[in-house]
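Undergrad: So the protein sequences, as listed, match chains A and B. End of the first sequence sits at 196 in UniProt numbering; the numbers just go up one at a time, nothing left out. End of the second sequence sits at 886 in UniProt numbering; the numbers just go up one at a time, nothing left out.
None of these hints come from the bench; they were simulated from the model. Treat the hints with care, since some could be wrong.
The following residues of chain B were derived to be distant from chain A, with all beta-carbon distances above 10 Å [stated by the list, open to error]:
hint: 1; residue: Arg144
hint: 2; residue: His197
hint: 3; residue: Glu268
hint: 4; residue: Glu334
hint: 5; residue: Arg363
hint: 6; residue: Arg512
hint: 7; residue: Glu651
hint: 8; residue: Glu785
Which stretches of chain B does chain A cover? Using the computed rule of at least three CB atoms under 8 Å from a CB of chain A, they are [claimed, not checked]:
hint: 9; stretch: 56-70
hint: 10; stretch: 84-92
hint: 11; stretch: 464-473
hint: 12; stretch: 676-686
hint: 13; stretch: 756-763
Here a beta-carbon is modelled for each residue, glycine too, at the ideal position from N, C-alpha and C.
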Amino acid sequence: MDSCPCIKNFLLLDSEGNRVAVKYYSDEWPTNSAKEAFEKALFSKTQKTNARTEAEIAMFENHIIVYKFVQDLHFFVVGAEGENELILVTVLQGFFDAVGLLLRGNVDKKEALENLDLILLCLDEIVDGGVILETDANAIAGKVASHSVDATAPLSEQTISQALATAREHLARSLLNCMYVPVPWLADDDAMGSSG
Amino acid sequence: MAQPLVKKDDDRDDEADYSPFLGIEKGAVLQEARVFNDPQLDPRRCSQVITKLLYLLNQGETFTKVEATEVFFAVTKLFQSKDIGLRRMVYVMIKELSPSADEVIIVTSSLMKDMTSKTDMYRANAIRVLCRITDGTLLTQIERYLKQAIVDKNPVVASAALVSGIHLLQTNPEIVKRWSNEVQEAVQSRAALVQFHALALLHQIRQNDRLAVNKLVSSLTKGSVRSPLAQCLLIRYTSQVIRESANTQAGDRPFYDFLEGCLRHKAEMVIFEAARAITELNGVTTRELTPAITVLQLFLSSSKPVLRFAAVRTLNKVAMTHPMAVTNCNIDMESLISDQNRSIATLAITTLLKTGNESSVDRLMKQITNFMSDIADEFKIVVVEAIRSLCLKFPLKHRSLMNFLSNILREEGGFDYKKAIVDSIVILIRDIPEAKETGLLHLCEFIEDCEFTYLSTQILHFLGIEGPKTSDPSKYIRYIYNRVHLENATVRAAAVSTLAKFGAMVDTLKPRIFVLLRRCLFDNDDEVRDRATLYLNTLGGDGAVVQTGEDVKEFLFGSLDIPLVNLENSLKNYEPSEESFDIYSVPREVKTQPLAEKKAPGKKPTGLGAPPAGPPSTVDAYEKLLFSIPEFANFGKLFKSSAPVELTEAETEYAVNVVKHIFDGHVVFQYNCTNTIPEQLLENVTVIVDASEAEEFAEVASKPLKSLPYDSPGQTFVAFEKPEGTPAIGKFSNMLRFIVKEVDPSTGEAEDDGVEDEYQLEELEVVAADYILKVGVSNFRNAWENMGADCERIDEYGLGPRESLAEAVNAVIDLLGMQPCEGTEVVPNNSRSHTCLLSGVYIGNVKVLVRLQFGLDGPKDVAMKLAVRSEDESVSDAIHEIVASG
């Protein structure tokens, strides 16, 4: 109670409970099998709930869990039993929205895996060793995405030239990714404009 | 840098399982990692490989020591690249690999260069990485930069340094403590999160300095905190200061205004933090609670589940200590019973069950019934437990609550859930006499269709104890005998035992029981047949006129008054020989007495297994023990046995405690002695009692203990005569007298010659409380009104200065030795007055009810108004006498 709010872990699972990306800050789960068991139990407990419009919450094995689902992705943030639930949900919302911004609104498992680097950087920017670093989605996404841009500027305020620079990166990246992505792509600037 | 939008094509389904990491293999990726060593680095390619490595780690793959070192060295090469995206991945990768100390040196210079870079992102991340992997020695080298970073104008850099400080404080506190000036400055930062991190670090640096924390809180509560997170921290620190300031004075609590002010903050997280802090204040008053409850009530109807959950969870906790404060929220709470989120619904129900009054129980039960069918077992158990305590609180409602329990007992459910229900019914049967018969029938119906052997046997055992004592025992026979036909061997054997118990205790049923038992003689299970044969023989069912002694019957059907652990030990030590095992040789150590506290609220009743070992049997055990001693056999009915009183210090040579047994005209002291010296055997142990300070008592008999070997407790008794029916009191001094014999530890044989010796014990008192039985009433007000004011005696007493109100209340309860009712023995913190309700039975079987009203008179003086009602004026007077002379 007297200490700083603490996040125990982030889980981003798919619709079958498999890991997309996870990050543990607490050593309550020492082994990978303990982690997997926890994820599995948590997933089956929450799977049937509807956490698509509003973030949901559950008590589970002396943890407070807040979670939100979109498409085939399940976002979880786990905190201690005595934690302020609203702080946890603020972190969840920051994570959720930042991922939405980074994936340009196209949030699903496939997109998340293809941009796993962004997701991992995103987690890295939200929490450091359990301590909350940032909860504002724009700031988080800004720090992750705009490498050459002022870190605090939100995506929506990028200048045209920055947007073009990003678009160029798309091009390069997509060409590189062609070996895995046999999908027709469209480098449309509309998508950029609408995503902020 | 993100992927271009993928149009949702029709053929998308085909790719549903597509993953860029499909078929990924550690070995191959490690091969790929060689690109890190290329003289011409390809940043994109390298980024992808790092992502793959991180993916593997994330999926739980581990690298061997060699692999990790190789990857680490390769990754360090990437510092040559100027690509910012790649650098970010390198930072994450290094943190994931958590390199060893000698590896850290390789990257130190690169990271230190980044730490002083012009690019904010480099500075912030390099600080975080370096602080994560560094050890104390390196820290002193970079300390200067870190101090600068804390006050860096870029908030991301400052936060990075502060958060690193929070982590480093655990390992290198002396270094981090040197930064407090900079941290102090950062607390004033305009950037919200910098303020949050700085406040967290500053508090951790100073947490052991109460004065400093106090100063920090007082200056910040004046209002310079901008970030909601920092405000939450401040609320936590403030309540810590309030808690430690130990302000016993009534009146305004310091900083309460700040907490209340936070209830009007614009961020919900702050409002909630403050509301929660207020509810958790020590000895919070209703006036202080009200504003917090009001905001929580608003949250109850929020559209956000998290807000509703947070509010209902907090209110649920408040309801445990201040049920009345939460009743305002009952309407909102009732609408939450149908909440989609089952955690919220369960919390709402259990809160309602705590705050509900007698009249709302029925309505509540109707709502809960609809709700029970669609929640998980774990929630159901919580509800069942809440209902059990509700029923104990409102015994008059036992009918509807018992019905509810039996209904849910019939529905589907797992073992733990069913056990919780059965336990609850058993406890209600024990504690509410009116509920007994219906409760037993519900249990009978349940075993008709019970899939859990454990529960069936437990219920059958319980039926065997309680069933014969009911008005019409015969109606249970059918249910029990059905088990013999339809169940597995374990349950059948239990049913046979239960049948026999009915036969033994109800003479009119005996012939019919014999018929049933004889049918069991052909059972295909040995145990069932054996039991049936045994019981038929002992009960005389085989036609022969059996003169089995009462003791055999008692042994088979009576409650076993020997601690099972002792019995088990004795049986283990028993060697088969000519001499048969003698149950009376089992020590009856009475050290761990669960004395008559069965109604003490807050104590969890032990449930099904408990009845035979439960409190009533303790009294029975004493009674039986005393009556087995011829000298005491004509003393009449045992009125009360006290809890054991220690007469020796802990860990002395001989440990002695005494139990006072009160009879109408006699008092028997039972001295439980334990010899703790392995080299000694005590013989002919007696206690010499000097009753010169107890004029009304005259010694009539004593029963010495023949022998007291090492670590095997034994009892010696002394009996006194006293004037019949009066509460004679007095002081007794005790001396243990015995003959000591040396024992050879190797052979365990004692020498023939002994020496007489004495051992001084502490004094023992017979007090007024010994003449009052703790007997609770289920509804104090009813009992009080039924008793009428005919023999009421009211008077006021000044109790003088007392440590606290609670201490005064407990002192009076102890003095009177009566049972506190309805939880009124608990005095809320900081309250200025308190009413305590007591009930008991006075010697001569006179019911007594007492209403104590306490009030603080001045700062410490306690005044008390004592109202006594009983069936006999003289008894009411006697109670006043006790208080007046106490």
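Undergrad: Examine each Cβ of chain A, and state whether all of them lie more than 10 Å from the Cβ of Arg512 (chain B).
TA: Answer for Arg512 (chain B): holds, closest chain A Cβ roughly 53 Å.
Undergrad: Please settle this one: Glu268 (chain B) was flagged as non-interface, so is its CB more than 10 Å from every CB on chain A?
TA: Contrary to the label, Glu268 (chain B) does not stay out of reach of chain A, its closest Cβ about 5 Å off (not over 10 Å).
Undergrad: Beyond 10 Å from every Cβ of chain A: is that where the Cβ of His197 (chain B) lies?
TA: 7 Å, violated
Undergrad: Regarding the assertion that Glu334 (chain B) does not contact chain A, is the least Cβ-Cβ distance greater than 10 Å?
TA: 20 Å, holds
Undergrad: Using Cβ atoms and 10 Å as the threshold, tell me whether Glu651 (chain B) really stays out of contact range of chain A.
TA: 39 Å, holds
Undergrad: Using a Cβ cutoff of 8 Å, are there at least 3 residues of the stretch 756-763 of chain B near chain A, or does the coverage claim fail?
TA: It is violated, with 0 qualifying residues against the three required.
Undergrad: Would you assess whether Arg363 (chain B), listed as outside the interface, keeps its beta-carbon beyond 10 Å of every beta-carbon in chain A?
TA: 27 Å, holds
Undergrad: For the stretch 56-70 of chain B, does the count of residues with a C-beta closer than 8 Å to a C-beta of chain A reach 3?
TA: holds (count 4)
Undergrad: Confirm or reject the coverage of the stretch 464-473 of chain B by chain A under the rule of 3 or more residues with a beta carbon closer than 8 Å to the chain's beta carbons.
TA: Not satisfied, violated; 0 residues make the cut.
Undergrad: In terms of beta carbon proximity below 8 Å, does the stretch 676-686 of chain B have 3 or more residues touching chain A?
TA: violated (count 0)
Undergrad: For Arg144 (chain B), is the shortest beta carbon distance to chain A beyond 10 Å?
TA: 22 Å, holds
Undergrad: If you look at each residue in the stretch 84-92 of chain B, do at least three have a Cβ nearer than 8 Å to any Cβ of chain A?
TA: holds (count 6)
Of the hints listed earlier, those the structure fails to meet are numbers 2, 3, 11, 12 and 13, in rising order.
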